[in-house]
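Chains as they are written, first to last, in the numbering used here: chain U, 1 to 274; chain D, 1001 to 1354; chain A, 2001 to 2357.
None of these hints come from the bench; they were simulated from the model. Take the hints with a grain of salt, since some may be wrong.
Short derived list, chain U residues pointing at chain D, Cβ under 10 Å [as the list claims (entries may be wrong)]:
no., residue
1, A25
2, A78
3, P210
4, N219
5, E235
6, K244
7, G246
8, C248
Stretches of chain D that chain A covers, calculated by requiring three or more beta carbons in the stretch to come under 8 Å of a beta carbon on chain A [unchecked claim]:
no., region
9, 1024-1032
10, 1241-1250
11, 1269-1279
Result set (DSS-like, lysine-lysine): computed pairs, CA atoms no more than 30 Å apart in a straight line [unchecked claim]:
no., chain 1, residue 1, chain 2, residue 2
12, U, K214, D, K1223
13, A, K2177, A, K2321
14, U, K214, A, K2268
15, U, K27, D, K1076
16, A, K2268, A, K2124
17, A, K2268, U, K237
18, U, K112, U, K237
19, D, K1223, U, K252
These figures come from a predicted structure and were not determined experimentally. Beta carbons are placed, not taken as given, at the ideal position from N, Cα and C, and that holds for glycine.
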Amino acid sequence: MDANIYLPQLARVVAIHSEVPGERAIKTFRLEFIAGDGFSHKCGQCAMLSIFGRGEAMISIASSPLIHDYKQFSIMRAGRVTSGFHELDVGALVGIRGPFGNSFPVNDWHGKHLVFIGGGCGLAPIWPVIQTAVTKREDFGDITVFYGGRSPRDIMYRAELEKLRGAAEVYLSVDSPDDGWEEYCGFVPANLMEKEPSPEDAIAITCGPPAMIKFVIKNLHALGFQDEQIYTTVENKMKCGIGKCGRCNIGKDYVCTNGPVYSWADLKQLPQEY
Amino acid sequence: MERILDKGRLGAWVAALADWTVLAPALQDGIWAYVPVAGAEEGLTLGHPNTVQPPKGQSFPQREVFFSFDETEDGKPRLTPLVPSPANRVVLGVRPCDGRALTHLDRVFGEEAPDAYYQARRGTLAYVGLACNKPPSRHCFCTSVGGSPFGEEGLDVLMIDLSDRYLVRALTPVGEALMTAGQGALTEAGADDRAEAQQRRLAALAHPQRTVAKPQAVPQRLKAGFGSALWERLAQPCIGCGICTFLCPTCHCFDINDEVAGQSPVCGSRVRTWDSCQFPDFTMHSSGHNPRADLGARLRQRVCHKFQYFFENHGAFQCTGCGRCITACPVGIDIVTVVNQVAAEAAPVQPADC
Amino acid sequence: MINPAELHTRVRDLLEGGQVRAVIGYRRGTRGWAAEPVVIDRPEEAQDLVWDPSCVHNLALYLVQDRRRRGALGEPADQPIGILAKGCDARAIVVLMQENYLRRDEVYIIGLSCESSGMLDEHKLVGGAAGIDPQDLEAVGFEGDQFVLSSPHQQWRMPAAGVMADRCLECRNPCPKVHDTLLGNEPTEREPRGQARAGTLSEPFAELQRFERTAASAAARWDFWSRQFDRCIRCFACRSVCPMCYCEECMVDSIAFTVTPDTTAQEKADRLRWIERSASRSDNIGYHLTRALHLAGRCIDCGECERVCPVRIPLRLLNTKMERESRERFGYEPGASVEVAALLSSFRDDDPNDFIR
């Protein structure tokens, strides 16, 4: 019998880490399946997380597929369901359905240099690729990570980013620095321009606020990156996650099934309505 | 398998379908709708224009409960899936446009990640179609969108009106079963009957209908016309209700919500309900960003979904030309006019393209 | 009778002279005979405007749409917007002004009198003596107290009262009382009113009274309304077409509410769900009855909600019931004058209170 595509599995919250405080707080959750086989996923895919009584929200799976013990999600407090997550304690049981969507073609990128450009909460969807790349370090060329937030408080995965140094070149930035800030001050796209990563044999993977993505792509073009070398993930309001409720489409594509991962070469063919 | 059914014997056939719940068109409370009948009904006829609502609710109802949730004694969430086990149903008098529409819904809900709720209802549903000797509505346009007034897609049986009798043709094993059950009311069909049916078919195909101009060029032209100012102009009177989508036999957008019955412990149901891309906040993000914030964008979404996006994905228009949205729109927005105007504006001005 | 050329001239002059920035009116639709709402802003478009018995829409709705759009874009308007308004529509505009949703100087009301006629109800055509299929019609026109209907092959003349909308049969104000300019005259004679009877003008609340006679007991009414609400598919057309339903956050819609970048997560999480989207009997009853209560003293009986309902729920009965309550208990007439406060936001010392227990 086919699994019921709308029925979540249950998962236990085994760890909660507060990344960013404040009104738009971000917390990172690690979920463990409590029964059944769970599911495995590929980089870029997402899952529908449920709090019964509140509803579901589609969240990117932030852990690498190489990790089997848990699935990691970084959730920003934005509304009914995500507020519910922020009120949970370790040990709570939630629902999980997935994995949904397509994935980054990581296997096609063996031998290439990878340039990651993230902003705000956008680091989470591309984190699995970063983790996979540094774990299978010999499969890839140079790894460079650009990441920034509004202020030092808004930098997520701070400790993990520091751990990347050595395996990867890490360039952090903030729009508004505080006294202790020693790295770049300014927007992520500007930091990118300043460091001038080479487009030769390179793939750029970017995710963040829509305005940031727009300027990042513009700057990548200026640096000589072709459309086929630029990858991003998009988001839209979602309900079913499986291309049936009709809500998340961009033109003929449903972001939940044909996306969320797109090369800019493919994304620019779609109606620019997202 | 082809048979003849005298019009006066329709009730007898229905009465013989004891293993099915039979729904037939009736004028009730001022509107034509499919209502359960018990057979042997006095004067049961199929003299209806198309029904106000399509029969899509038989496989895709306005409300579907996915599962109920509550808590076990130790506070663990407990989910009880509620996939329905509906009785076998047969809908009589389904127009070919609605039959074809069912095949489009089958694609959405059946291919890739089959929907168990839809499948349960669909698997127990039969359509007995009635061919349209002439368009039931001035707003019909099935032939422009790949359909036919004598179309057989999605139907289990097709009935053809031959004035005092019907030619009844089985199209699927379920259709054959329905006809076998009703064999007491059905008689042999002869060459004359078949010839007359063919005549009716040719006459129906020749009957004028509203037309979508150059349908084969429409998907490409709608794509080219994405940025047209016409969308906002054509959408201006739109009031943002859901009539067009809810009455459409192929529209399938839905919402999923948790309906809470109690708080301590939390219990309730996760429920699917119809939703509409015409509602203003259908695509509203939690951040307040709305990719389709204005009327023009939402009208464009509906029209392009029917005439471009579905075509790009499946090779056929999703719209089946039933005309209900045109008839029922409170302000007269007419999808045929919209498609024709946008496509005409986007048409290349070249002598070769005539 | 209103001369269409006079309407065109009046509107063109207003636009040319810059007195209004746009005019909301009616034009020929693409569905054949029925008019459709339009907003024009160039003088040469004035000649597209029509005035005939298919001009049923309450254009006050588009004042709400205009205000919403300007609000979203942050565009204050320098000039007023013009609007064609029938007697009923003008009262709707007055209600919007009573509630301070619009200022009097923001709207230029071009009043149109229905004179001794009213709007065509296409449902009455089919069942009527002529057995006309509305889909065959090409045009309908006023002619005194008659309608002229044309199809490609035929023309009919018939007394308007035979096929007029119920709310027109019961209408007290066929000529707008509040206006900036007026076309057409106050009717000097309308037949004496009586009980609802096919083909004649009725007294106000005639349909409501007829219903109350046929469903006299509470049980009979519960049966009737359960049957009606079971058909409701929650398309929200009744709410969408109503100019008075301008709330950004609708209390009887659990899903749709205003979200801006400043809305906090807590506000979204705390939002109460009074009525679910399910078209179950109880949710439907909750939706319709709450909406009717929210329209008490505000609904001016344009009848649009009932006209647009695809499953033909007789919604006027709910709203005219509340209107009659307003009149009988509080002597209040909705939409009479801009200076009068809204019913539910004001009280008088001598308001009746014998029903308060």
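Tested hints:
1. A25: violated, 14 Å
2. A78: holds, 4 Å
3. P210: Cβ of U/P210 sits 8 Å from chain D, so the hint holds.
4. N219: violated, 23 Å
5. E235: holds, 8 Å
6. K244: holds, 6 Å
7. G246: holds, 4 Å
8. C248: With a closest approach of 8 Å, the U/C248 hint holds.
9. 1024-1032: It holds: at least three residues are needed, and the region 1024-1032 of chain D offers 3 whose Cβ sits within less than 8 Å of chain A.
10. 1241-1250: That given contact holds, which follows from 5 residues of the region 1241-1250 of chain D lying within Cβ reach (below 8 Å) of chain A.
11. 1269-1279: With 6 residues closer than 8 Å to chain A, the region 1269-1279 of chain D meets the three-residue bar; holds.
12. U/K214 - D/K1223: Status holds; Cα separation ~23 Å.
13. A/K2177 - A/K2321: Satisfied, since the Cα-Cα distance of roughly 23 Å is no more than 30 Å.
14. U/K214 - A/K2268: holds, 29 Å
15. U/K27 - D/K1076: holds, 23 Å
16. A/K2268 - A/K2124: Answer violated: A/K2268 to A/K2124 is near 46 Å, above 30 Å.
17. A/K2268 - U/K237: holds, 15 Å
18. U/K112 - U/K237: Given pair U/K112, U/K237 is violated - Cα atoms ~33 Å apart, limit 30 Å.
19. D/K1223 - U/K252: Status holds; Cα separation ~11 Å.
In this structure, the hints that do not hold are numbers 1, 4, 16 and 18, in rising order.
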